[in-house]
Structures are given as structure tokens and as C-alpha cells.
Amino acid sequence: MTKPRVAIHKFSSCDGCQLAFLNAGAALLELAQLVDLVHFAEAGAVQPDAAVDIAFVEGSITTAHEIERIQNIRANSKYLVTIGACATSGGIQALRNGKMQGADWIASVYASPQFISSLDTSTAIAQHVKVDYELWGCPVTSRQVLQLLRDLLFAVRPKVNADPLCLDCKRAGNVCVLVTRGEPCMGPVTRTGCGALCPQFGRACYACFGPSELVNGHALGQRLSGLGLTSADVAKRFLFINAGAEAYAEAAAFTEHKHD
Amino acid sequence: MQAPAQFLARSALQSMIDALAARGYRVIGPQVRDGAIVYADLAQVNDLPQGWRDAQEPSSYRLTHSDNVRCFAWANGPQAIKPHLFAAQEPLWRAIQTDDGFRVEAVEPDVRPLAFIGVRACDLSALALQDRVFLGGPFVDPYYAARGTEMLLIAVHCSHAAATCFCASTGDGPRAGAGFDLALSELEEGFVLEVGSAAGRGIAALLPLTVASAQQIQAAQTQVEAAAQSQTRTLPSRNLRDLLFANLDHPRWDDVAARCLSCGNCTLVCPTCFCHAESEVTALNGKETLHQREWDSCFSAGHGYIHGFQVRPETKHRYRQWLTHKLGSWHEQFGRSGCVGCGRCIAWCPVGIDLTEEAHAITGETGHDE
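So the sequence lines, in the order shown, correspond to chains L and X.
Every letter in the first sequence is one number past the one before it in our numbering, and letter 134, counting from 1, is 134.
In our numbering, each number is its position in the second sequence, counted from 1, plus 1000.
Warning: the hint list may mix true and false statements.
To be verified - Computed footprint of chain X on chain L, listed as stretches where at least three residues anywhere in the stretch have a Cβ under 8 Å from a Cβ of chain X: (1) 19-31; (2) 165-174; (3) 181-189; (4) 215-223.
In case anyone wonders, no lab produced these hints; they're calculated from the structure.
Where is the CB? At the ideal position from N, CA and C, for every residue including glycine.
This is chain L alone, in the form it adopts within the complex (with noise of 0.2 Å):
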């Protein structure tokens, strides 16, 4: 039986999301044997242009380059799977997207900027090429790619969580740091899938899996802004990871013309 091809492809991004993968340990070495990984030029397997029955997506879309190379790659492959808040919602480097122009934060960050060819804008994978799933988080967890993995090499559909992190919060036991301390935390309307992990250690989500199914962000605004953050603050909470998501980048506008 011939196995399921897999390449794990990356655009504009950290490289963390592969980490999922680099990092699953015994794991990896049983993937190794279910499926055949064609292309993770992280991992040292590079074959960019071979069709695949799965195609692994880190990082968004920011020179005209990456355009051309997404295009490629929904055309080699059977199913495309965005990983990550980059690949998903054009991730923090989507931030350049809003106020500031390209031109500027380019000046603002290279001592050369002419060498720097790159687009205006950092957008979503889906925005260029049908996506079939998307994994959020930033990064991604083992646990999240392995399963997704697993249900399609089962020919089932993949089980999408949207839940708000508060349920697996709450599940874990921890105590709520936004009711004890007036952290900001962002739970409230955040995908689950990270275990809770900063709220865990006493820290405030800050958002990094993306809006969760139901986002009242004017509801959770008007909360974060009653525990004294300013209105740029509140917008720089909805924003920061996932400025591209339409309910954060609503949440923030809403924030901002409410109190400007």
C-alpha cells in the first residue's frame, strides 16, 4: 500500500509552527511510518513542487513571490491545511496592515529598506487559495496536527473546536486571573487548543489561537476598558496576534471610534 504523501510548506512565518511536528518526539517516528513526508525542508526533505495528498501551510502571504508559490502548491495538493495564526489570519505581521503603511515599518526596522521586496500587506493563505482546514494558535500544538492527521488518514471529517478557552480553563482548575486580579484576559472570546497555558501560570490570554465560534468584543471592550486600559490598549489586545481575524479587527474598530 502506497503511503500518504504529506509536505509541510513554509511563507512568511517564525518556523515555530513546524516545531509542532519537530517536537512530537516518539510521535514523529510513527508518522514517519504512516505517511510519506515529501517536502519539510525544516526537517531536510525538499521537494517543493510534488503533489501531495496533504499540504501542511505555516506563515501568510507578504511578497508577490509567495503569490505565485501558494497558486503552485493548492494545485499539487489534495487537501491544504493552514497551520498557525500567521498561515490563518496573516499573524502579527498583519499588523502593518492597519494605520502604519508598509513603507513605514520597513524604514522603521532595516537600516537598508531598498533591499526589502515585499508586498503592503501580510494576509491569509485563504485569502489567495481555498483552504480545506484551518489549525489556529500561535503556534500550533502536536497534539492539534497530529490529530488532524490522524482523522484524515481515517477519511473523517476533522472535528473543529471553537469553543472559548474559559471551558478548558475552568476545566484545568484554574482560577480565573480576570475575576481575582482584573487581568485582561482575552479567554473569553479566544479559541481553545493551547490547555490554558498562560492563564495557568497567573498570565492573562492574550489571544494567540484566534477568535473563538460566538466573539462579543465590544461586550469583553467595554469590560477590559472598565479595568482601567485605554482604548489603544484594548485595541492592541484584539489586535496583537491576529490583526487579520474579522472579529478582533471589528472589536478593535469598535473600541477605537467608540472612544476616539
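Chain L is fixed; fit chain X onto it per the hints.
Chain X alone, transformed into the frame defined by chain L:
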């Protein structure tokens, strides 16, 4: 069962923990952790929250410390008995692929009997309701039963109500009425002790007790009455079923939905909420799967998803489901309301939605006096 009330000196409280441990119980008691009173394994009386008080308001819970000698001068924390019996997440069984099919293996729960120190009237009422769900009827839940049937409960009658408490209105407190093995009233110098069961009497026999004075008994009575009288929140009535179902199109549902985050915190801190979901955790090799159960909420997508469509797509529908079930259709299901007046859903709601206020608004009654 009515014997003269007895007295346990504060300096002898450790003897109670030791007696329970000697009888083989895993002792669970209140402690301060991460800014809240939580119930966890308790070995030493020094780990009790001595001198701690709670201040609770909608979306706010704060502890303060003083040199007060009392250990139970607070109302309640985010959870009490529920997570210890109805586990938040628990494996039930696993299926393992074999050459000619598959076999199923049970995952056995930990069976060491639990003893709780310091549980409150609201949580005992809630426990009775959870017992009906998991132990009542022909299908007994073996996982809950393994932890819940041999349990020993030492209650404390509340001497201090939080601003969010309304157990006097629901009829569930602040005095623990039933369901305890021993009940304590905490005074400065020690504890007035009542026996509630044969098991409780067995533990009491191991303690250095004296007869409580009339003055001590009176002081205990006075403080629990004061805790009742200090409560300002109420529900309009103990049975809101007809009023709620007559108001399914009330504009207040839209109003509360504009404030509600649909985060489900109210349901997971509620000591009577029992909804759960079951799912498979499949091994990567595809040869083994773990069937697990976890707390679910009527605010989750899965709760309202029925074979291809979502029956409660919006927050408005989900909040209405929570309130009309808890305060309405529980009466048909369990013969009483599902609310025991603990006020957790008010304090632990990130945006401070007040169930009593919503109930008053929707059923057309006047709001609570503040």
C-alpha cells in the same frame, strides 16, 4: 439523632483531620491558592484559610487577610465538591484494535473515599441534585459513584455571606439543613458541633469534645441568622417555570445577549450544572482510542448541535437555554429549581451578568434591593 450540641476547641481542630486520615479518608479542605479559596488535599490545620475574608461582586472576587483566628469566615470559592465527584475531564474506557476486531477495556476510577471539611449549605443542596443525576434512576454512573458513595461531609454553617449570595432566597442556606455527617459553627474559641449521621458520630467519638454552652449555641445561631439577613439579592420566587416560559420573547433576552460573552463560565462554576460531552482521543497509529468525558456547557457549539444543524446558533438562545432550564424546566425534571443561591455565576462571570437581576427583569418582577 438530636443529641446535645458539643464543642470542639480551636486548638483541637487538627484532631479532626487526623481522625479522618486515620480512618482512610483522603481529606479535602479549603485553602488559599491563586487568590481564591479552593478545595484541595488537606493535611495540616495550618493550611486552612485562617484570617481570610472574601469580597465578592459581579465579576470580582478578592481575598483580604487579617489576624482574625477564624478559618471559615468566607462565603465560597470558585468550586467546592463538584469537581471532586463529577470530574472535569475523565477517561471512561479505551478500545484497542486486535487481529480479529477490537476489545474494550474499562478505565477504573480512583476509589479512595473522600472526606470534605468546610462545605457549605449551598454546596450540600447542589450535591443532592448532582446525586440525583448521576446516582438516581436505573443507570448509576460508576465513576461518580466510586467517589461519591463512601464520602464523608463535614459542613460549616455560614457565618458570613458574600454580596453575591442569595441562598436565603432559594431556601438552601446559610444553615446546612441536611446531607452532612457533621456540621460546625465556627466561633472565636472553637466549633459548636452537630452530628448528622452514624458515620459522623463515629468520627465525633474520636474527638476531644465537651458539651457546648447555651451561650455558644446562641452565638452560633445568631451569626447564621445575621448571614441570612445580610443577603440583598433574591430570586422573584422559588418556582419561575411558568413566568419564564411565558416570556420566551421578552426583549431582555436580546439585552443580556448584548452583554454576554457566551464563554460558559457561569455553567462551569455552577455546582448543579451536570452537562457533559464525550469524545474520542485516537492514538496516532490508529490502533487505540480513549473514550473520554468532559464538562460541557449550554454555551458551547456542540451542546446545541443536532445531526447537521445548530438549534441554538446565537448567544441569545444559549443564555435563554441556561436560564429557562436552571430556573424553569428543572422543576419538571427534578422537582425543584436548579439554583441553590451560591452566586458563583455572578462573581465568576467575566462581565458581571447577575442571574438574579436577569430573572427579575424577564419575569417582570422588581429588581433586588441594593
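For each hint, the structure was consulted:
no.: 1; hint: 19-31; result: holds (count 3)
no.: 2; hint: 165-174; result: holds (count 7)
no.: 3; hint: 181-189; result: holds (count 6)
no.: 4; hint: 215-223; result: holds (count 6)
The structure agrees with every numbered hint stated previously.
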